[in-house]
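Asks: Sequence:
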Amino acid sequence: NLISIVDAIHLRQENMVKLPVFVMNRNNQLDVLNNAVQMQSILEAQAMAEYRNGGCYIRPIVLFQAQPKGKEDAATFEKIRTILVKNGIPAEQIAIKTADINELKNADLLSPNCPIRFIITVNALKEGWDCPFAYILASLANRTSTVDVEQILGRILRQPYAMQHKSPLLNTSYVLTNSVDFHTTLEKIVSGLNKAGFSRKDY
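Position 192 (the sequence shown) corresponds to 192 in the numbering used here; numbering is contiguous.
The calculated lysine-lysine pairs, modelled on DSSO-like cross-linking and capped at a C-alpha distance of 30 Å, are:
#1 Lys-79 <-> Lys-97
#2 Lys-97 <-> Lys-86
#3 Lys-105 <-> Lys-86
#4 Lys-79 <-> Lys-105
Using C-beta positions, here's what the derived DEER-type ranges look like:
#5 Ala-91 <-> Ile-3: 39 to 49 Å
#6 Asn-87 <-> Ile-5: 36 to 46 Å
#7 Tyr-57 <-> Glu-92: 14 to 24 Å
#8 Val-85 <-> Ile-3: 42 to 52 Å
#9 Ala-162 <-> Lys-86: 33 to 43 Å
Worth flagging that the hints you see were computed from the coordinates, not collected in a lab. C-beta: ideal position from N, C-alpha, C; glycine also.
Full structure from sequences and hints, please.
Replies: Pasting the structure below:
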């Protein structure tokens, strides 16, 4: 039942994806959390400055990929929310989306009235979820499946309004992780992107 195929390179030519993708591997989970919050603040300042000068409204969002429940020291979604709130992030700016919890149900993430800037998930956003304001993937999960990494990475690639923005920071995707396995898996995806026509400069 295949109707059509669109090459990834055509998405780039039509300004539908944020490229390049910057991948940063940190020493520990707390560094990933703190860097993600700092990066969101930097991007939002850029977005607001551009908006005041006639640009489109953008509210950069961080996707936190938590570990599944199980390990006592794992960064589960409850622990991530607790750390964010303790670091001064207002509770209304944080939403959880898992198989059992859906705090995004009635949220219009593209609305200027929506306060959400941080979304915590485990696997629920791997596919079928799309928000162009998602700029930063902060993965605290040790993913080794190429498909899993590719799907969660795809959640931050869509370009807002399918157009280039004045600030290069707003045309870019960001990945923060402290997992060697995740980074190795990501390298396999980059190899696939190279075969699809993307250059090393896009990573």
